[in-house]
Amino acid sequence: MSLSALLPKYLFGLRKDVKDNVHYVDDVTIVYPAGHNIVIYWTDSKTQKFVPGNLESEDITAITLSPNKRFLAMAERAEKGMITIFDLQTLKRRKVLVSVDTGSKEIVSLAFSPDTKLLAAQGGPGEWNLVVWSWEKAKQVAVIKASNQMSSPIHQCLFSPGTANDSGIVSVAGNTVFKCFRLADGAMKQLPSALLKHEAQKTRNEGIK
Numbered sequence: 006m007s008l009s010a011l012l013p014k015y016l017f018g019l020r021k022d023v024k025d026n027v028h029y030v031d032d033v034t035i036v037y038p039a040g041h042n043i044v045i046y047w048t049d050s051k052t053q054k055f056v057p058g059n060l061e062s063e064d065i066t067a068i069t070l071s072p073n074k075r076f077l078a079m080a081e082r083a084e085k086g087m088i089t090i091f092d093l094q095t096l097k098r099r100k101v102l103v104s105v106d107t108g109s110k111e112i113v114s115l116a117f118s119p120d121t122k123l124l125a126a127q128g129g130p131g132e133w134n135l136v137v138w139s140w141e142k143a144k145q146v147a148v149i150k151a152s153n154q155m156s157s158p159i160h161q162c163l164f165s166p167g168t169a170n171d172s173g174i175v176s177v178a179g180n181t182v183f184k185c186f187r188l189a190d191g192a193m194k195q196l197p198s199a200l201l202k203h204e205a206q207k208t209r210n211e212g213i214k
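Just so you know, we're using the working numbering here: the sequence shown kicks off at 6 and counts up by one.
No lab work stands behind these hints, which were simulated from the structure alone. Watch out, some of these pointers could steer you wrong.
[Stated by the list, open to error] Capping the alpha-carbon separation at 30 Å, the derived lysine-lysine pairs in DSS-like fashion look like this:
| id | residue 1 | residue 2 |
| --- | --- | --- |
| 1 | Lys-150 | Lys-21 |
| 2 | Lys-51 | Lys-110 |
| 3 | Lys-110 | Lys-74 |
| 4 | Lys-110 | Lys-142 |
| 5 | Lys-122 | Lys-150 |
Could you put together the complete structure from these sequences and hints?
Written out as structure tokens, the structure is:
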């Protein structure tokens with residue numbers, strides 16, 4: 006049998022260095038990275054399917070699941086940080102996104118908007134730029150430097166989970182860094198500290214209800 010005919014049957018282990026590395030698609034389906042693959046695991050049947058990473062990439066750095074549980078985005082370290090979006094119903098690639106504007110070989114965090122139409126990608130060491138995509142159109146919507154003057158590392162980006170009026174707010178957090186940006190008219194603007202406190206208070210109040 007030729008090596009080209011060999012296919013993996015079962016993958017053991019979990020990549021703990023991948024950001025947001027475990028997601029529940031439903032009560033019996035889990036997705037997670039193992040090696041240079043995304044594993045789809047069914048807990049009821051204890052079976053797996055695999056989605057391999059891109060051959061031209063070095064490693065998987067982050068994954069995220071869309072709010073409607075249909076799409077999985079995977080970021081990979083490469084000459085230009087790249088993102089692949091998979092349809093979990095078919096396990097086929099829907100889009101591959103590459104941008105020099107991330108200012109890094111890697112993307113450290115990914116986040117879908119509440120309506121699943123936008124995808125935020127936080128670039129890594131180098132410029133620490135935050136890029137927002139209209140991913141189905143493979144169109145870059147906006148980009149902004151997310152770190153501070155000391156280029157402190159950023160670890161996470163997230164869309165606001167609030168109402169439609171709030172869904173254009175993206176927050177980032179890292180070492181001594183916490184910022185919120187409002188996305189409007191093809192640009193991102195940082196929210197002033199007073200407004201940031203108001204948004205945080207509103208989020209806390211909504212959580213209490």
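query = Hint by hint, which ones does this structure get wrong, listed from lowest number up?
reply = The structure breaks only hint 2.
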